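Asker: Those protein sequence lines, which keep their order, are chains W and A.
With the first letter of the first sequence counted as 1, position 232 gets the number 231 in numbering that gives the first Met the number 0; the numbers rise by one all the way through.
With the first letter of the second sequence counted as 1, position 168 gets the number 167 in numbering that gives the first Met the number 0; the numbers rise by one all the way through.
Calculated from the structure, these hints are not laboratory results.
Take these hints with a grain of salt, some might be off.
SDA-like cross-link-like pairs, simulated, lysine to any residue; straight-line CA separation at most 25 Å [as the list claims (entries may be wrong)]:
{"hint": "1", "chain 1": "A", "residue 1": "107", "chain 2": "A", "residue 2": "187"}
{"hint": "2", "chain 1": "A", "residue 1": "107", "chain 2": "W", "residue 2": "224"}
{"hint": "3", "chain 1": "A", "residue 1": "107", "chain 2": "W", "residue 2": "166"}
{"hint": "4", "chain 1": "A", "residue 1": "107", "chain 2": "A", "residue 2": "79"}
{"hint": "5", "chain 1": "A", "residue 1": "107", "chain 2": "W", "residue 2": "151"}
{"hint": "6", "chain 1": "A", "residue 1": "107", "chain 2": "W", "residue 2": "157"}
{"hint": "7", "chain 1": "A", "residue 1": "107", "chain 2": "A", "residue 2": "59"}
{"hint": "8", "chain 1": "A", "residue 1": "107", "chain 2": "W", "residue 2": "154"}
Note that the coordinates shown come from a computational prediction; the quantities given were computed from them, not determined experimentally.
Spelled out, the chains give:
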Amino acid sequence: MSKRLPSLLLLLTLLAGWEAWCRVGGLSPLVLPPPSAVLATLWSEIATGRLWPHLATTAAEMALGLGIGTAVGLGVGILLAEVPALGRLLHPYVLASQLVPKLALGPLFIIWFGFGMTPTIVITALICFFPLMENTLTGLTEIDPARRELFRMLGASRLQTLLRLKLPAALPVIMAGLRVAVVLALVGAVVGEFIGGRIGLGASIIAAQSVMDSSLIFALFVVITALGMLLYEAVRALERRVLHRFSKG
Amino acid sequence: MSTEPESGFVTIAQARYRYGAAGPTIVDGVNWQIPRGEIHCLIGRSGCGKTTLLKLAAGLLLPTEGTIRIGGETLSGPSPRAGFVFQAPTLLDWLSALDNVLLPVSLKRRPTAADREAALDLLARVGLTDFAARRPGELSGGQQSRVAVARALIGEPDLLLLDEPFAALDALTREELQDDLLRLCALNGTTALFVTHDIAEAVYLADKVAVMSAGRLAHARRIELLRPRHRDMRYAPSFAAACRELRDAMDGEPAAASERPAA
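So that you can see chain W by itself, here it is in the shape it has in the complex (with noise of 0.2 Å):
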């Protein structure tokens, strides 16, 4: 606690700050609500009962975008690690489409998938995809020579090489393409909402924006922040767990 201590000051004296600016500035509430609306007005979402669908809807998004991802992105990244040929043949094409913009694909994912969480959910598990594979990826191909050789020494099999060498040697690295992934699913979440979205934290905004609510937003700015360290620090304990099984010492 102490250690966060002088973090949460700077906080306090940010959030003074920004209150005083406001009132003794006289800067319009629609231009920069001050903190204290904010704060009331996320009570008061919170107090009604209004956030907790929005809420709910833009973390299963995540949580759906963020999974798939994951999985895809870990799957395709062994595959083109442990088929070379493949490799060579298919990462280009990978790369390209991650190049293509994600969220410009929303329109396109619309006429799809029609309006609702699954355009959403595409484009969330499309943003996750890459840094999983290719950290998983570089992970595997990174894998010291001499133990390869140790496992071809004794007489391993492809897939007891793949899963009792290559996936804990390289864990670390694909950890880290998780927590990346992570911070992108709720971008990819809030802003394919902003898109397609009738519900989510994202089409609460464009909503609060279309009455000119600024309490509002920065309200729901504060939720999806409070949503994305949340996700965060559990992707960080499980990784704690994770490495600490896996990794040295």
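Since the structure of chain W is provided, determine the placement of chain A on it from the hints.
Answerer: Frame of chain W; chain A shown alone:
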């Protein structure tokens, strides 16, 4: 080059190895035989081809020309009869010392209580009884090397191949590990081929030492020190003479004393 009878347990016959069809020749027509139960050492400067020759003997590389036989069987891939100790301990960081020793067994089947007993016994023989549950990150370099030697011996291999396994250790630890290795090899009559660039290590361990230069065996001599070897032998005149002769051979001087007993 070889004066051993054709009955060598390990027979390297006219082995040649080059990288690619037009690549440089790394091992150039080596003939070598190791009788069962003997320890042979290969010395030479860095890049002389000794590690490549060791990998050929392990079946990790296949010769471009010539053959390598272990117990009469021509190698066509990694030999299940050989244990290999690499230059670095190559332990799996996420496994305990005990599970690292058991790795060769656990890749074939679920280790039994008897396997665990054998692994603990090997760890005890290399002085690591109290370290069985520790992970490699919690062990010193010398302890990691001991675990690597124990792992190579768990399957009771007929042939032990070692690639400068103690090179990164301090002199005292290296001497201790050399004694451990000699004891363990003597226990089961294990045949060994040991690659090193340390002449004194080679003379202390070996029944026969070969000097490799530019992919060829340039010189060889038997070491007639008594077994079991002990530390005092390192200071005997015959030990120093053998080291001197091998050093001269490494420097490319005429090796008139080739094949002459050292003591």
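Asker: Decide if the proposed pair is consistent with the structure: residue 107 (chain A) and residue 151 (chain W), CA atoms, cutoff 25 Å inclusive.
Answerer: Holds. Residue 107 (chain A) to residue 151 (chain W) sits at ~13 Å (cutoff 25 Å).
Asker: For a C-alpha distance cap of 25 Å, please report whether residue 107 (chain A) and residue 224 (chain W) respect it.
Answerer: violated, 49 Å
Asker: Keeping to a limit of 25 Å between CA atoms, is the pair of residue 107 (chain A) and residue 59 (chain A) held or broken?
Answerer: holds, 19 Å
Asker: If you draw a straight line from the CA of residue 107 (chain A) to the CA of residue 157 (chain W), is it 25 Å or shorter?
Answerer: Roughly 13 Å between the alpha carbons, so the hint for residue 107 (chain A) and residue 157 (chain W) holds.
Asker: CA of residue 107 (chain A) to CA of residue 187 (chain A), is that 25 Å or under?
Answerer: Between residue 107 (chain A) and residue 187 (chain A) the Cα gap is close to 22 Å, so the pair holds against 25 Å.
Asker: Is the Cα-Cα distance between residue 107 (chain A) and residue 79 (chain A) 25 Å or less?
Answerer: holds, 11 Å
Asker: Tell me if the straight-line CA distance from residue 107 (chain A) to residue 154 (chain W) falls inside 25 Å.
Answerer: holds, 8 Å
Asker: Is residue 107 (chain A) within 25 Å of residue 166 (chain W), Cα to Cα?
Answerer: Since the Cα atoms of residue 107 (chain A) and residue 166 (chain W) sit roughly 19 Å apart, the hinted pair holds (cutoff 25 Å).
When each numbered hint is compared with the structure, a violation occurs for hint 2 only.
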